[in-house]
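Sequence lines, in order, name chains Y and Z.
Mapping of the first sequence onto UniProt numbering: position 106 corresponds to residue 106, and the numbering continues sequentially without gaps.
Mapping of the second sequence onto UniProt numbering: position 554 corresponds to residue 554, and the numbering continues sequentially without gaps.
There's no promise every hint is true.
Between beta-carbon pairs, the in silico distance windows are [to be verified]:
(1) Y:R78 with Z:D271: 21 to 31 Å
(2) Z:E576 with Y:R28: 45 to 55 Å
(3) Z:A298 with Y:H9: 33 to 43 Å
(4) Z:E697 with Y:R78: 44 to 54 Å
Over 10 Å on every C-beta distance to chain Z, these chain Y residues come out as not near it, computed from the model [said to hold, decoys possible]:
(5) P18
(6) V22
(7) R28
(8) V55
(9) R58
(10) L63
(11) E96
(12) F102
(13) A105
(14) D107
(15) S119
(16) V120
(17) Q126
Just so you know, these hints were derived from the structure itself, not from any lab.
Cβ coordinates follow ideal geometry from the N, Cα and C atoms, glycine included.
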Amino acid sequence: MSHQYCTFHLADHLFGVPVETVQEVLRRQETTPVPLASPEISGLLNLRGQIVTAVDLRRRLDLPVASDDVSAINVVVRTPEGAVSLIVDKIGDVLEPADDDFEPAPDTVPQSVRDLVTSVCKLDGQLMLVLDTELAVTVGKAA
Amino acid sequence: MDEIVQEFLVESHENLDQLDQDLISLERDPASRELLSSIFRTLHTIKGTSGFLAFHQLESITHVGESLLSRLRDGDMVLTADTTTALLDMVDAVRSLLGDIEQHGAEAPRDYSALVGRLELLLQTGGVLPATAAAPAATAAATVAGQADDAVAGTTATVVEEPAPAAAEPEATRSRKKAAPADPVTEAVAAEVDAALAAGPADTDAAAPSEALAAAQVALEATATEVEQAAPTEASALVGAAVAQLADAVAGPAAPEEGRRAISDSTIRVDVELLDSLMNLVGELVLTRNQIVQRAVARDDAELLSSTHRLNIVAGELQEGVMKTRMQPIDNVWSKLPRVVRDLSLALGKQVNVVMEGKDTELDKTILEAVKDPLTHLVRNSVDHGVETPEARVAAGKPAEGTLLLRAYHEGGQVNIEITDDGAGIDPEKLRRKAVEKGIHTAESAARLGERELLNLVFAPGFSTAAAVTNVSGRGVGMDVVKTNIEKIGGLIDLSSVPGRGTTARIKIPLTLAIIPALVVTADEQRYAIPQVNLLELVRVEHGSTGPQVEHIHGTPVFRLRGNLLPLVYLREQLEQEPVDTGTTFIVVLQAGERQFGLVVDDIRDTEEIVVKPLGTQLRGVPLFAGATIMGDGRVVLILDAVNLAERAGMVADAHGSAGATQTHTTDDSERASLLLLGLADGRRVGLPLASVDRLEVLALQQVENVGGQEVVQYRGGILPLVRLDSVYGAYGHTEAEELQVVVCSSEGAPVGFVVHEIVDIVDAALSVRSGLDTGGHLGSAVVSDRVTELVDVAHAVRSLDPAALAPVPTYGA
Numbered sequence: 001m002s003h004q005y006c007t008f009h010l011a012d013h014l015f016g017v018p019v020e021t022v023q024e025v026l027r028r029q030e031t032t033p034v035p036l037a038s039p040e041i042s043g044l045l046n047l048r049g050q051i052v053t054a055v056d057l058r059r060r061l062d063l064p065v066a067s068d069d070v071s072a073i074n075v076v077v078r079t080p081e082g083a084v085s086l087i088v089d090k091i092g093d094v095l096e097p098a099d100d101d102f103e104p105a106p107d108t109v110p111q112s113v114r115d116l117v118t119s120v121c122k123l124d125g126q127l128m129l130v131l132d133t134e135l136a137v138t139v140g141k142a143a
Numbered sequence: 001m002d003e004i005v006q007e008f009l010v011e012s013h014e015n016l017d018q019l020d021q022d023l024i025s026l027e028r029d030p031a032s033r034e035l036l037s038s039i040f041r042t043l044h045t046i047k048g049t050s051g052f053l054a055f056h057q058l059e060s061i062t063h064v065g066e067s068l069l070s071r072l073r074d075g076d077m078v079l080t081a082d083t084t085t086a087l088l089d090m091v092d093a094v095r096s097l098l099g100d101i102e103q104h105g106a107e108a109p110r111d112y113s114a115l116v117g118r119l120e121l122l123l124q125t126g127g128v129l130p131a132t133a134a135a136p137a138a139t140a141a142a143t144v145a146g147q148a149d150d151a152v153a154g155t156t157a158t159v160v161e162e163p164a165p166a167a168a169e170p171e172a173t174r175s176r177k178k179a180a181p182a183d184p185v186t187e188a189v190a191a192e193v194d195a196a197l198a199a200g201p202a203d204t205d206a207a208a209p210s211e212a213l214a215a216a217q218v219a220l221e222a223t224a225t226e227v228e229q230a231a232p233t234e235a236s237a238l239v240g241a242a243v244a245q246l247a248d249a250v251a252g253p254a255a256p257e258e259g260r261r262a263i264s265d266s267t268i269r270v271d272v273e274l275l276d277s278l279m280n281l282v283g284e285l286v287l288t289r290n291q292i293v294q295r296a297v298a299r300d301d302a303e304l305l306s307s308t309h310r311l312n313i314v315a316g317e318l319q320e321g322v323m324k325t326r327m328q329p330i331d332n333v334w335s336k337l338p339r340v341v342r343d344l345s346l347a348l349g350k351q352v353n354v355v356m357e358g359k360d361t362e363l364d365k366t367i368l369e370a371v372k373d374p375l376t377h378l379v380r381n382s383v384d385h386g387v388e389t390p391e392a393r394v395a396a397g398k399p400a401e402g403t404l405l406l407r408a409y410h411e412g413g414q415v416n417i418e419i420t421d422d423g424a425g426i427d428p429e430k431l432r433r434k435a436v437e438k439g440i441h442t443a444e445s446a447a448r449l450g451e452r453e454l455l456n457l458v459f460a461p462g463f464s465t466a467a468a469v470t471n472v473s474g475r476g477v478g479m480d481v482v483k484t485n486i487e488k489i490g491g492l493i494d495l496s497s498v499p500g501r502g503t504t505a506r507i508k509i510p511l512t513l514a515i516i517p518a519l520v521v522t523a524d525e526q527r528y529a530i531p532q533v534n535l536l537e538l539v540r541v542e543h544g545s546t547g548p549q550v551e552h553i554h555g556t557p558v559f560r561l562r563g564n565l566l567p568l569v570y571l572r573e574q575l576e577q578e579p580v581d582t583g584t585t586f587i588v589v590l591q592a593g594e595r596q597f598g599l600v601v602d603d604i605r606d607t608e609e610i611v612v613k614p615l616g617t618q619l620r621g622v623p624l625f626a627g628a629t630i631m632g633d634g635r636v637v638l639i640l641d642a643v644n645l646a647e648r649a650g651m652v653a654d655a656h657g658s659a660g661a662t663q664t665h666t667t668d669d670s671e672r673a674s675l676l677l678l679g680l681a682d683g684r685r686v687g688l689p690l691a692s693v694d695r696l697e698v699l700a701l702q703q704v705e706n707v708g709g710q711e712v713v714q715y716r717g718g719i720l721p722l723v724r725l726d727s728v729y730g731a732y733g734h735t736e737a738e739e740l741q742v743v744v745c746s747s748e749g750a751p752v753g754f755v756v757h758e759i760v761d762i763v764d765a766a767l768s769v770r771s772g773l774d775t776g777g778h779l780g781s782a783v784v785s786d787r788v789t790e791l792v793d794v795a796h797a798v799r800s801l802d803p804a805a806l807a808p809v810p811t812y813g814a
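Working from the sequences, and respecting the hints, build out all of it.
Written out as structure tokens, the structure reads:
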């Protein structure tokens with residue numbers, strides 16, 4: 001049985017997360033920066049009275065910091081410890097690739113990325129990296 | 001009625017309903033051990049509590065029932081219809097007994113020997129009522145009892161409804177009765193009962209149910225005699241029981257007294273989780289209200305404003321109401337302490353009397369839970385370490401019996417709890433030696449420790465002053481845990497002790513954790529909230545002015561606050577932000593544990609009620625923030641943790657950690673109060689209780705207007721009457737300044753501004769030296785900072801004003 005993935009763009013990559021983990025997608029929100037927090041934390045946002053931590057996914061994945069003209073989109077994902085927002089460049093379509101199209105990330109991919117990517121899906125003309133959301137939002141615990 | 005009895009009744013009513021259901025289910029599934037155990041437990045609970053509360057009748061009935069159930073549960077007996085009926089009857093008996101207790105506060109004398117006898121018989125025979133000659137009679141009699149019940153129910157119903165259905169009811173029972181097997185005894189009984197019942201409701205009108213019942217009773221009594229003659233065993237007992245029940249119905253009030261709801265109806269049990277979620281919702285509402293109010297003020301729409309005003313009030317009341325549902329008196333925790341003290345003092349051969357003040361002081365349930373253990377620990381400590389043995393006490397000239405005073409009171413949105421013993425106190429020198437011994441301090445640094453710092457060493461992990469480790473205390477864990485637990489709920493603990501006279505532990509905790517008042521400050525354009533509980537005062541330093549300035553010791557900034565050095569911590573620096581010079585230094589004086597320090601911020605905004613929300617796991621590694629909240633404009637704001645701020649700034653509890661006059665005094669028993677010291681034109685000093693001071697303002701002279709001879713100013717949308725303290729105290733001869741120093745006070749809801757010559761200081765003074773020199777307008781005199789200071793009576797000053805000047809000032813203080 002194939003699964004649905006919510007996709008989003010980050011730098012030149014297409015990422016996907018299982019659609020059922022996504023709570024909602026919001027355009028750029030006012031965030032409150034948190035001094036002293038790890039740099040991956042982009043701030044706190046008010047999601048209808050709930051305080052949600054926003055994780056800068058570019059920094060988390062060691063991707064170049066976004067230029068200002070890139071609009072930031074919040075992909076709010078559910079995690080066992082509550083909702084967390086992933087800041088991405090652009091939201092993509094919901095895709096439902098066949099199970100056969102997945103394979104693990106090649107060993108040559110940098111470790112920092114490979115840790116967070118559970119598998120790679122070979123789409124037509126593009127690769128979709130499947131993100132482990134729980135690991136992606138595990139930031140700064142040891143700090 | 002005792003609270004404990006009330007609780008018992010509420011609980012038992014619930015239990016009985018459960019019992020009814022369980023018994024019915026059990027009949028369908030007689031082998032269910034689960035049901036049997038549940039029934040047994042329920043009954044056991046009622047029995048246990050009634051025994052404890054000395055409701056003996058209740059106890060004896062439930063006891064037999066319990067025995068029966070235990071045999072059923074253990075499989076020694078099989079449930080029969082007889083048993084079920086008997087058990088259900090028992091439940092009814094228990095219910096009526098509980099009803100008596102609820103109404104009269106005690107068991108009414110009722111005869112349940114028949115029921116008990118039946119239950120015992122069942123116990124002996126293994127669940128079947130003996131099939132002797134009496135059996136049919138017994139069955140008949142049981143029916144009689146049932147019918148009698150119906151009659152009672154029916155007739156009682158008549159009282160509240162119309163008579164017709166009541167009359168119909170016995171008809172139904174009668175026809176049912178007719179279907180029963182014919183038997184001489186049964187028929188005789190049935191006929192009599194029918195007659196009795198028919199006579200009853202037929203004659204009944206709504207006004208006189210008792211008469212009908214009395215008639216039924218007479219008829220039944222006749223039946224009883226007849227049955228007795230025919231089959232003189234259980235049957236007669238059963239009819240007797242029916243008679244007794246009727247008699248009760250006749251004698252007892254038909255309906256509960258009006259105006260007093262039955263206990264089971266007046267309270268309900270609510271899941272704490274539900275309350276928590278309600279509280280959260282109210283928190284959201286308060287935040288949304290803040291947002292709306294902010295917008296509405298900007299809009300200048302009168303209608304919207306009045307709606308928001310209404311919303312404001314409703315939300316406030318709702319918040320208070322929901323908060324109240326979670327409030328419990330501190331006595332819930334305290335009530336267990338006398339027992340702890342008793343056991344402990346017996347074990348230690350000491351005599352301790354526990355005195356409690358402010359038992360009714362209410363606290364949020366979660367906070368109450370959180371302080372339970374620390375309080376118990378402190379009390380144990382006081383008995384173990386504080387109070388001396390009777391011999392030692394007598395030798396020291398004290399009464400043999402020590403006193404442990406527990407005091408709780410509200411103050412400024414917080415709750416203060418004090419635990420005071422009149423024991424030996426703590427010897428600072430001993431603490432000093434111990435600190436060196438344990439390696440917490442070097443001999444040098446220990447020598448420099450002040451009394452306060454020494455006392456607070458008690459809270460250091462692994463620090464114990466007990467000579468011997470007992471099973472009670474002395475292991476050196478505990479006090480640090482006490483402190484940690486109290487700080488965890490945003491509270492503070494402080495010790496003070498006078499050697500030879502006793503020790504006091506003071507705990508200051510917030511009323512509730514959910515919504516707290518906080519001061520909003522800024523650093524680098526961002527706002528931060530500081531819980532008011534940590535806040536002592538605010539100081540503004542203009543650079544280059546003649547006033548006190550920030551000074552540096554080896555690069556460390558300090559500020560002279562009333563003669564004491566206050567270490568300064570720059571918020572920007574702590575947040576790793578660029579320093580900035582704005583020309584003005586805003587210092588927020590904070591209390592973090594035993595330390596005081598000044599937090600330098602960019603700007604000080606307003607105070608606001610905030611709802612504390614936890615931070616995500618991603619931010620748990622940043623201890624500087626205690627949580628976050630959402631402000632009126634919808635933005636998230638971080639809450640600063642004062643204790644961690646002090647720790648991060650590398651502040652250690654050393655000699656210069658204190659400011660203000662508080663630390664220079666040790667505790668004494670006299671009344672203490674914070675006073676705002678004011679100077680009059682002739683150099684005299686007067687003091688205003690700080691509790692009544694709202695704000696300090698500087699107003700331009702031209703703002704002052706005159707209304708009917710009364711000086712007033714327009715102030716915060718209202719009219720503020722002014723009182724010149726100089727004239728009140730007859731101090732003249734000064735030139736009129738262009739600017740007026742005004743102390744805004746409120747008394748009994750009415751604000752008043754005191755115009756003073758100068759504002760000198762805030763001191764924490766003992767008011768022990770009071771004189772009776774009351775010239776009106778002041779409370780008395782006290783010696784403050786070696787000068788005689790008169791204490792202004794704000795209420796008196798307000799009353800002396802022209803009432804016209806005190807026209808309503810609705811927006812003031814909003």
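Verdict on Y:R58 as a residue remote from chain Z, using beta-carbon distances over 10 Å: 16 Å, holds
Given as non-interface: Y:L63, partner chain Z, CB spacing beyond 10 Å: About 19 Å separates Y:L63 from the closest Cβ of chain Z, which puts it past 10 Å; holds.
Minimum Cβ distance from Y:P18 to chain Z greater than 10 Å, as the annotation requires: With a cut-off of 10 Å, Y:P18 remains clear of chain Z, as the shortest Cβ separation is near 21 Å.
Non-interface label on Y:A105, tested against every C-beta of chain Z at 10 Å: 24 Å, holds
Is it the case that Y:Q126 keeps its Cβ farther than 10 Å from each residue Cβ in chain Z? 30 Å, holds
Checking the smallest CB distance to chain Z, is Y:F102 really beyond 10 Å? Since the minimum Cβ distance to chain Z is about 29 Å, Y:F102 lies beyond 10 Å and the statement holds.
Does the hinted range 21 to 31 Å hold for Y:R78 and Z:D271 at CB? Given about 25 Å between the Cβ atoms, the range holds.
If you check the beta carbons of Z:E576 and Y:R28, does the distance land in 45 to 55 Å? 26 Å, violated
Beyond 10 Å from chain Z, beta-carbon-wise, is Y:V120? It holds; Y:V120 is separated from chain Z by about 26 Å at its closest Cβ, greater than 10 Å.
Beyond 10 Å from every chain Z Cβ: check whether that's true for Y:E96. Since the minimum Cβ distance to chain Z is about 31 Å, Y:E96 lies beyond 10 Å and the statement holds.
Please verify that the nearest CB of chain Z lies beyond 10 Å from Y:S119's CB. Non-interface label on Y:S119 holds, nearest chain Z Cβ at 25 Å vs cutoff 10 Å.
Y:D107: least C-beta distance to chain Z exceeds 10 Å? Y:D107 clear of chain Z: closest Cβ-Cβ about 29 Å, beyond 10 Å.
In this structure, the hints that do not hold are numbers 2, 8, in rising order.
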